[in-house]
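*Asks:* The lines below spell out each chain.
Protein chains: 2
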Amino acid sequence: MIHYPGGPPVALATRTILLREYGRTIERPICIRAAGSALINSGAATSKHKYPWEKGIEMKTKVGLIRVLTTKDENLLEAHGRLVESRFPELKVESRCIDDQPKGIYDEKTSAIALPKILKLGEEMERERMKAIIVSCADDPGVEGLRNIVKIPVIGAGSSCACLALSRGSRIGTLGIREGAPRVMKDILGEHLVAETRPEGVKTTWDLMTGEGKKNALSAAEYLRKTGAEVIALACTGYATIGIAKDLERAAGIPVIDAVEAVGLFAWHLTRVR
Amino acid sequence: MIHYPGGPPVALATRTILLREYGRTIERPICIRAAGSALINSGAATSKHKYPWEKGIEMKTKVGLIRVLTTKDENLLEAHGRLVESRFPELKVESRCIDDQPKGIYDEKTSAIALPKILKLGEEMERERMKAIIVSCADDPGVEGLRNIVKIPVIGAGSSCACLALSRGSRIGTLGIREGAPRVMKDILGEHLVAETRPEGVKTTWDLMTGEGKKNALSAAEYLRKTGAEVIALACTGYATIGIAKDLERAAGIPVIDAVEAVGLFAWHLTRVR
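Here the protein sequences line up with chains A and B, keeping their order. The first sequence begins at 0 in numbering that gives the first Met the number 0 and counts up by one. The second sequence begins at 0 in numbering that gives the first Met the number 0 and counts up by one.
Isolated chain A (complex conformation) (with noise of 0.2 Å):
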């Protein structure tokens, strides 16, 4: 529940909807009461204004995202949470970088150096009130650490995105730019996993983004469901930020399912007030 300080007990407020006309997302002001109402009632609100019923508020909830690569280039650093945004515009996402990391976890030296950055990322953010954590990475580097330490919701990229293709089929084939699919995810999808996969000449998600690299990433996801995979899980985070999941879905007629995506629904999700 959301007070007011010196506001009137029952306070009318605008709530700000978010509608999608035309491939553009504009904001639409609708008058709902601010006391007793479920709508404002859904975590953190992001408000513009010192008596929000004044002006208007915009209701958002407030998740935190980890990036575990070190970038000062915007665009990169929230590519990850404007998708998760425009899926799901109830959520405001909240994008940091760990530090020092230009070129990310790579191997087990470079994943232990990250996770006392992750966790340190992760602590202020609960300090900061955000209502959930994303690690945006499908190794789900630092995850259990953090769930450990703080009290909110911590989702990974890599379990979200296999569970998701769990509840869609049995059979799960992934798709990655390593030879094969994160621990975690090998962990969960257990005996389902049937094939594991990564486009030939692929080696970093900037490979994908060629000509020759969205072909090749097109034929490995017809090779998974040769294998016999029913439901394709990304097993990098990488493939959401260059969209090619319709594409992937279209040329293997399977269900392909994005680790950004899968990451953001459970966020959603959990941060919704039962």
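The hints are simulated quantities; they were obtained by calculation from the structure and are not laboratory data. Worth double-checking, as some hints may not be accurate.
Since copy identity is lost for identical chains, a pair holds within one copy or between any two.
[As the list claims (entries may be wrong)] Taking lysine-lysine and the DSBU-like style, the derived pairs with C-alpha atoms no more than 30 Å apart in a straight line are:
hint: 1; residue 1: Lys150; residue 2: Lys119
hint: 2; residue 1: Lys225; residue 2: Lys119
hint: 3; residue 1: Lys108; residue 2: Lys91
hint: 4; residue 1: Lys185; residue 2: Lys150
hint: 5; residue 1: Lys185; residue 2: Lys225
hint: 6; residue 1: Lys71; residue 2: Lys119
hint: 7; residue 1: Lys245; residue 2: Lys116
hint: 8; residue 1: Lys245; residue 2: Lys102
hint: 9; residue 1: Lys245; residue 2: Lys61
hint: 10; residue 1: Lys214; residue 2: Lys61
hint: 11; residue 1: Lys91; residue 2: Lys59
hint: 12; residue 1: Lys71; residue 2: Lys116
hint: 13; residue 1: Lys59; residue 2: Lys202
hint: 14; residue 1: Lys102; residue 2: Lys214
hint: 15; residue 1: Lys214; residue 2: Lys225
hint: 16; residue 1: Lys202; residue 2: Lys213
Fit chain B to the known structure of chain A by using the hints.
*Replies:* Showing chain B alone in chain A's frame:
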């Protein structure tokens, strides 16, 4: 995309949005443009009028829900569907039950008898252009079979509940009304399943509705936490009918995942337009 035969190329339509205020649901029409709008692009419309842009349309995605017990009591039949609709107002749930099994599925024989009936209902739902099929039983009866014969998503309550639990933690305890968790849940949870139980003295969901049954359910939830569970997955959809998840969550101090809410979440997500 919805086409209105004979309609203007860009039709003005009214979309009904549901607002929950003061505990009751009211409908408030808002005006949107019909053509090109993402809002009305989300699956089946249950149209009240021949030309919906003239008098307003109700935009809902229609999904089918299969109950695996025979009942003529509409309240009982629609209990799960109403729960799904209340949490995901974009969905219109059509509930149907299998014939001649008033006691439902309780062993291998009754499960085998039910299977062709479930498949028949699912095929019917696809023919009637429903956008997804929910099998509302934690055993996921017929889910695999249906996936082989229909093209729309088929989602089982048991697998959904296990999946949603895994997105939230890695040590899961199940609370059902039988000794162990359903096979489909064990199968998905694998090594993440740390404990399985049922409330003392409870054999059917009716037993849960007594004071004694509820008290024992709360103790069982506490037992699961003490045994090391980080998350509780409800292994029977009957818990949804009595709406006990939140009380269990308070008693145990760990997240409790409701099977009907989980299956609703996936049905909602899978029927959204990308």
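*Asks:* Run every hint past the structure and note whether it holds.
*Replies:* Verification of the supplied hints:
1. Lys150 x Lys119: Answer is within: at 14 Å inside a copy they meet the 30 Å cutoff, but 45 Å across does not.
2. Lys225 x Lys119: For Lys225 and Lys119, the Cα distance is within 30 Å only across copies (28 Å; inside one copy 44 Å).
3. Lys108 x Lys91: neither (33 Å within a copy, 50 Å between copies)
4. Lys185 x Lys150: Classified as both: same-chain Cα gap 26 Å, cross-chain 27 Å, threshold 30 Å.
5. Lys185 x Lys225: both (20 Å within a copy, 28 Å between copies)
6. Lys71 x Lys119: within (19 Å within a copy, 56 Å between copies)
7. Lys245 x Lys116: Classified as neither: same-chain Cα gap 34 Å, cross-chain 34 Å, threshold 30 Å.
8. Lys245 x Lys102: Within. Shortest intra-copy distance 28 Å satisfies the 30 Å Cα cut-off; inter-copy 43 Å does not.
9. Lys245 x Lys61: For Lys245 and Lys61, the Cα distance is within 30 Å both inside one copy (28 Å) and across copies (22 Å).
10. Lys214 x Lys61: Neither way: Lys214 and Lys61 sit 37 Å apart in one copy and 36 Å across, limit 30 Å.
11. Lys91 x Lys59: Both. Shortest intra-copy (6 Å) and inter-copy (25 Å) distances satisfy the 30 Å Cα cut-off.
12. Lys71 x Lys116: Within. Shortest intra-copy distance 17 Å satisfies the 30 Å Cα cut-off; inter-copy 58 Å does not.
13. Lys59 x Lys202: Neither: 37 Å inside a copy, 43 Å across copies.
14. Lys102 x Lys214: Result: close within a single copy only, 25 Å intra versus 53 Å inter.
15. Lys214 x Lys225: within (17 Å within a copy, 51 Å between copies)
16. Lys202 x Lys213: For Lys202 and Lys213, only the intra-copy Cα distance (13 Å) is at most 30 Å; the inter-copy one is 54 Å.
Figure legend: structure checked against the earlier numbered hints; hints not met, in rising order: 3, 7, 10, 13.
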